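Going line by line, the protein sequences match chains P and X. Everything in the first sequence is counted per this note's numbering, starting at 3 for the first residue and increasing by one. Everything in the second sequence is counted per this note's numbering, starting at 81 for the first residue and increasing by one.
Because the hints were derived from the structure by calculation, they are not lab data. Since this is a predicted model, take the numbers as computed values, not measurements. Keep in mind that the hints are not guaranteed to be accurate.
Using 20 angstroms as the maximum straight-line C-alpha spacing, the simulated EDC-like pairs for lysine to aspartate or glutamate come out as follows [as the list claims (entries may be wrong)]:
id, chain 1, residue 1, chain 2, residue 2
1, X, K124, P, E7
2, X, K89, P, D41
3, P, K3, X, D153
A few chain P residues that face chain X, going by a derived Cβ cut-off under 10 angstroms, partial list only [said to hold, decoys possible]:
id, residue
4, S33
5, G45
6, S48
7, L49
8, T50
9, C92
10, H95
Residues from chain P that keep clear of chain X, each with C-beta distances beyond 10 angstroms, as calculated [said to hold, decoys possible]:
id, residue
11, K3
12, E17
13, K19
14, N20
15, C21
16, Q24
17, N34
18, A81
19, S87
20, N99
Positions of the beta carbon are idealized from the N, C-alpha and C atoms, including for glycine.
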Amino acid sequence: KNQVEQSPQSLIILEGKNCTLQCNYTVSPFSNLRWYKQDTGRGPVSLTIMTFSENTKSNGRYTATLDADTKQSSLHITASQLSDSASYICVAHGYGNKLVFGAGTILRVKS
Amino acid sequence: NAGVTQTPKFRILKIGQSMTLQCTQDMNHNYMYWYRQDPGMGLKLIYYSVGAGITDKGEVPNGYNVSRSTTEDFPLRLELAAPSQTSVYFCASSLLVNQPQHFGDGTRLSIL
Numbered sequence: 003k004n005q006v007e008q009s010p011q012s013l014i015i016l017e018g019k020n021c022t023l024q025c026n027y028t029v030s031p032f033s034n035l036r037w038y039k040q041d042t043g044r045g046p047v048s049l050t051i052m053t054f055s056e057n058t059k060s061n062g063r064y065t066a067t068l069d070a071d072t073k074q075s076s077l078h079i080t081a082s083q084l085s086d087s088a089s090y091i092c093v094a095h096g097y098g099n100k101l102v103f104g105a106g107t108i109l110r111v112k113s
Numbered sequence: 081n082a083g084v085t086q087t088p089k090f091r092i093l094k095i096g097q098s099m100t101l102q103c104t105q106d107m108n109h110n111y112m113y114w115y116r117q118d119p120g121m122g123l124k125l126i127y128y129s130v131g132a133g134i135t136d137k138g139e140v141p142n143g144y145n146v147s148r149s150t151t152e153d154f155p156l157r158l159e160l161a162a163p164s165q166t167s168v169y170f171c172a173s174s175l176l177v178n179q180p181q182h183f184g185d186g187t188r189l190s191i192l
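Excised from the complex, chain X in its bound form (with noise of 0.2 angstroms):
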């Protein structure tokens, strides 16, 4: 069972550069969700997606966009990369809002 997957699992970037976290997943959920987990703090909601071609933000979204042109398939992009963007980044879906979520196994993510 494969669940959500996110890609890739490091990466470091430099001040300024873009790049794009992958995330899918394969259980035909219709949420999906970006989050940030930074150390001793609770995560915080990114983005999230209540289907495919709706998206809305979240908590912290600066920074950051986001796309669902699928069901499965839901990308961060980070524009202009800042060394605060330093974090883990965790995608994760549910069927329902209310019905506990999948997370993926993060990627890690250091911006010098």
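Next comes chain P alone, as it looks inside the complex (with noise of 0.2 angstroms):
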């Protein structure tokens, strides 16, 4: 079955700090993974998308690294601001218009 799953499920860390989000996915055949950000309220933002042969993109202060052969995907945030608060999804792509949304893991930065 084709599923998205993603660790922790919410997380709270003090502002300046850095956290790492993870994502495990066993969608096949695979295209491409992909983050997005969505505030509260709002429509998810994309902040990367990596094809199976990237190791890692950046995007400011957010890193997305993939590794395709144990399909395991992570997003670090660092030097987290407040604005940081947000869900974070992840996404598989696999054939077509078939993409895989994970339930997002929910991010809290208190100062």
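Take the two lone chains, each set in its own frame, and fit them into one complex as the hints suggest.
Quick look at the structure:
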């Protein structure tokens, strides 16, 4: 069954600290892995997209990694800010229009 | 930059009523999508379109209909609303299937 599992479900960190969010997927065939940020009451916004041949991709303080062999991805946030408080969604793109969305990790950054 | 615009933002329906959720994009994207997001769950694809005049079912199409008469607009129709259709609905678009999707800010729909 095509699935995307994210951990942890929620996370609280202090402003300025780093954190890493995890994503395991079982989508096959596999085309690319995406990370989105969803602020409360808003639609998801794309952070990164990586094909199976890419190991890492950065977008400012956000760095995503991908291990296509173990079907794992991570999103590392450096020097967190209050505005990083959001839900982070991992999405595995399979064949054609088949995108499988994880349930998200809710991150709260507190001062 | 408007991007993807969804209307209305909120709506309450009675069981059995019908309504149309509007979605328009100004990026000249070929692909458009409708998703629903339920609490604690990942987004589920309802319908998608690869261009004007072409639509296809996603993972959870029952109870919904769509049309794509223009590149810009992709309305979602609910017929005979049921409580199970209470959800947040997101419209998205992309230029190509393997490129990031751009999402609207959603329509929060309650059916009582």
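A quick look at each hint next to the structure:
1. With a CA separation close to 15 angstroms, the supplied pair X:K124 and P:E7 stays within the 20 angstroms bound.
2. Taking the CA atoms of X:K89 and P:D41, the gap is about 16 angstroms. The hint holds against a cut of 20 angstroms.
3. Restraint check for P:K3 and X:D153: the C-alpha separation of about 33 angstroms exceeds 20 angstroms, so the hint is violated.
4. Contact between P:S33 and chain X, as hinted, is supported at the beta carbon level, the nearest pair being about 6 angstroms apart and thus within 10 angstroms.
5. For P:G45, the suggested interface contact is upheld, since its CB lies about 3 angstroms from the closest CB of chain X, less than 10 angstroms.
6. At about 4 angstroms, the closest approach between the beta carbon of P:S48 and any beta carbon in chain X falls short of 10 angstroms, and the interface hint on this residue holds.
7. Interface hint at P:L49: satisfied, since its Cβ lies 9 angstroms from the closest Cβ of chain X, which is below the 10 angstroms cut-off.
8. Hint on P:T50 holds. Least Cβ distance to chain X is approximately 9 angstroms, under the 10 angstroms limit.
9. Hint on P:C92 holds. Least Cβ distance to chain X is approximately 9 angstroms, under the 10 angstroms limit.
10. Below 10 angstroms, beta-carbon pairs count as interface contacts, and P:H95 has one with chain X at about 7 angstroms; its hint therefore holds.
11. Every Cβ of chain X is farther than 10 angstroms from the Cβ of P:K3; the closest lies at roughly 12 angstroms, confirming the non-interface assignment.
12. No beta-carbon of chain X comes within 10 angstroms of the beta-carbon of P:E17; the shortest separation is about 26 angstroms.
13. Interface exclusion of P:K19 from chain X stands, the closest Cβ pair being 26 angstroms apart, more than 10 angstroms.
14. Listed as a non-interface residue, P:N20 keeps its Cβ farther than 10 angstroms from every Cβ of chain X; the least gap is roughly 25 angstroms.
15. Residue placement check: P:C21 keeps its beta carbon more than 10 angstroms from all beta carbons of chain X (closest about 21 angstroms).
16. At the 10 angstroms boundary, the C-beta of P:Q24 stays outside the reach of chain X, the nearest C-beta of that chain being 15 angstroms off.
17. Not every CB of chain X lies more than 10 angstroms from the CB of P:N34, the least distance being 6 angstroms, so the non-interface label is violated.
18. With a closest Cβ-Cβ approach of about 24 angstroms to chain X, P:A81 is found to remain outside the 10 angstroms limit, as its non-interface label requires.
19. With a closest Cβ-Cβ approach of about 17 angstroms to chain X, P:S87 is found to remain outside the 10 angstroms limit, as its non-interface label requires.
20. For P:N99, the requirement that its beta carbon stay farther than 10 angstroms from each beta carbon of chain X is not met, with the minimum near 5 angstroms.
Checked against the numbered hints above, the structure breaks hints 3, 17, 20 and satisfies the rest.
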